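Listed in order, the protein sequences are those of chains A, B and C. Numbered per the numbering used here, the first sequence finishes at 238, counting up by one with no gaps. Numbered per the numbering used here, the second sequence finishes at 423, counting up by one with no gaps. Numbered per the numbering used here, the third sequence finishes at 246, counting up by one with no gaps.
Please note: incorrect hints may appear among the correct ones.
Restraint ranges, calculated between C-beta atoms of paired labels, are given here [claimed, not checked]:
id : chain 1 : residue 1 : chain 2 : residue 2 : range
1  : B       : Lys365    : C       : Ile191    : 33 to 41 Å
2  : A       : Gly179    : B       : Val361    : 38 to 46 Å
3  : B       : Val361    : A       : Phe183    : 53 to 61 Å
Everything labelled a hint here was simulated from the structure, so no lab data went into it. Bear in mind that the values here come from a model prediction, so they are computed numbers and not experimental data. Think of the CB as a built atom: it goes at the ideal place given N, C-alpha and C, for glycine as much as any other residue.
Listed here are the chains, written in short residue letters.
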Amino acid sequence: MKRNLVLIILLALFCIANVGSTGKSSFSDGGGILYTQPVKSVIFRHQHHVDVKKISCEKCHSGLFEMQALLAQEKKDFIMDSLYKGRYCGACHNGKDAFASDKQCARCHVRISEKDVGHVKGKAKPYKAPVYSTVATLGKDQRKVPFNHEKHASLNCMDCHSKLFQIRKGSTKIALETHQSQKYCFNCHNGKKEFSWNNCTKCHQNWKDIKPYGILTARADRGSCVACHTNPDEMKSLVKPPEIGGEAEG
Amino acid sequence: MADSGKKRFLPHIKSAFERVLSGGWIYLLFVGLFGIFLLIGIGAGIHALFIAGSRHAYATSREIPVAILIATYVFFVVASTGLCLVSSLGHVFGVENFLPLAKRCVYLAIITILSGFLVIGLEIENPFRMAIYNVISPNFSSNIWWMGTLYGFAVVFLTIEFILLFNEAHHHKAVIAGFLGVITEVAANSNLGGVFAMMHGRPYWYGPYFPVYFILSALITGCAFILFFFFLAHKAVNKKPFMESTQTALKAVSKLTLLLLAVMMIFTAWKVLTTSVGSPAAAAAALSVLTEGPYSFNFWTIEILVGMVIPFVLILASRGRNLTVMFIAAVMMIFSLFFTRLDMVVVGQIVPQYFEVGVVEYSKLHTYSPSIHEILVVLGGISFCLLAFLLGEKVFSGFADSPQTDIMKEKTTDVAGVEELT
Amino acid sequence: MTDKASHKNIPESPFDAERRAFLKIGLKITGVLAGGSILSLVSNINKAYSLDLFREKYPYKPHYAMVLRQDRCIDCEKCMKACIETNHVPDYGWRTKILKRDLSSALDQKWEFIPILCNQCNNPPCVRTCPTTATYKDKTNGIVQMNNKKCIGCKSCIMACPYDARYYNEEKGAIDKCDFCFESRLSKGINTPACVEACPSDVRIFGDLSDPSSRVFQLVHQLQRPVWVLRQEIGAKPNIFYMKG
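Sequences and hints are given; from them, build the entire structure.
Take a look at the structure:
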């Protein structure tokens, strides 16, 4: 009883510690994003907001702003009125969390040379992809998968964080059967673009950790394992690659 | 009618032409040289104004709209006032020692004004409009209008006086014309100072100093021009020995120069001191450009040392007798005075108007250096002056055998022992 | 304008004294130029309109003026573009401009933008110095206008201007400067200059300083927020006022 209690407490602590951690490392957007529509020019510097003010990504990137740079200025409502109503920057720049949008106009409205910013319309994107070196952990307990951003650094943020992944913690739920769909990681990790999700240990690292959950899921589904494992007694290998039926094969 | 007119003037013109040609080949070489430079200068000015556009050809800009051409104009017309004033001491105000200077000085006063008009005619964008609208649409609150009008009248009066001076019978009329000439010259000169002094937007210039300074500077410039041109005329062009009366006159001029240089040094010292004290800041900033900034060499070396201190010492050492030393001093003064004018004009504009607001666009001093066109026009103006001087010496037979100086000779022999200026 | 400060026995702040001084733009100023008689601009107005407290001080009807709320200026340069388009300003000149003032030691915002244009001074040095009256102060509305055909291009007005508002326009063959879009808009019935209409932040407020119902009048005649002019010590008595807030 006591031993179980300790385990449960440890488990709980473990979950809390690992659930959806976001990066606190330096973020480079090449010097800033320069908005030149509808008026020129307004600068947004990630470095100030992320490194200095220590604002986590999902504060802005879970609905306020798309992760793709300069997308906001294409919208017709990217005007000061929207900010006063709490949209875009106005969600924080309301006088309470940060200075109000109708004060200190020239703090954001700048006269700046395009050479000094990373993102500006009409110019190529900055010299290298944003540096983001934290390892995020997806999932909890033994099923957790460490996700190394740096290994995926060749990608644009938008490649994953557009439709595939919300940054908000807890927004992405991946079950075993999800592995067969084209969603989330498996959009690329389907054996064609990148290594297949069949190589369980590539992400889950220790086979023994996830082994019980396969069985649990199978019991819950009543036989979903059979769809892939033609030899139900053998989990380690597949007789044949699973057919992801119905949707596009990728 | 025309024939009789021709008959009256033609022999005069012919003999004048012959006198010019008799000057010798060095003389004619210089005449030719100055003539060529004059034509080049006029050509450069016309090209700049009407073909290339002053924005491209001249180095002036929105921030420094007038520079070396205006400075040259100021240089010449101020010299004219000085020549007129100094010589008027003799033939208008009756100080006998200055009498021998009369004719040549009046002639020089005329040609210097004309040189100035030449240069400024090639500086303003629409010179032909000036002839019309200055007359039909005057602005009586404009110092420039008064200056232009008064210098125009001065040329007329001086020309009348000059013509009258050749005929002893018209001596009194010459005095009247001379008096009118002096009044218009001094008023015009003062208004020229006023052009700058009444611009309350330019604190370096604003105030009562410049109109007063200009009269003083006119006198000094006039003295320098007299020493310069009289020496050249007698030693280089006419190669005649100085008459006693002329030497006395030049000695008087040199003593006047000493006094004026001393006064000028006091003027300059107080201008520098009071402006440097601090307010308005733009004036102090402009002055610091002159005393310790990019123009400090111009100021300390050219204006003060070469223009005031060394000539003072030289003229003092010459005791009014050594004409060569006085000539050297005059050359230095003339050289320095040209740059004094340039400095005054440019330094007054070199500090940006928004300097005290502290904005990025106007945080540095403006820059100016003359363009080729401007330099050519300046050389053209100077060449006109020298060319007219050379021709005048021959055409008017060196001004030496004038009745005025004959009278002077009689007077000097009458009064015993007149050697010094009383 | 009643002396509110003395009523409350509160010492007058320097801003009040300054503002009162440069609102005294009646006879005293117009008479300065040439001893009083030549350019007495008030006489026409007095004949046409009844004298009351305001019009005594405002010799022009309408007395055009502009208030610039410079804390709202965001350097979008729409005013500059509108001016260039409306008045065919060449690329080597400008009629209105935005200046930037850096103050790196400031606590929050580290720079500000200051729009400048011709101040249509009540005591204009340029009008005084022009030899041919090619530039003159309009007797009706107080705008410092240009009569291009008379301009001889001597550029003494550019020298004289304390605000660098004038430049020589090669195409016109004369000096050019802001005229509150009089030629291009006001005289054609459009009530505002192009820059005022173009500004998205309501920085430029244009109107009749002598009309109590105009925004310009109301903004200048209040004591809470300071109102100033550029280079006030020059004494040109401008009609462009600056304020924040």
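Tested hints:
| no. | hint | in the structure |
| --- | --- | --- |
| 1 | B:Lys365 x C:Ile191: 33 to 41 Å | holds (39 Å) |
| 2 | A:Gly179 x B:Val361: 38 to 46 Å | violated (59 Å) |
| 3 | B:Val361 x A:Phe183: 53 to 61 Å | holds (55 Å) |
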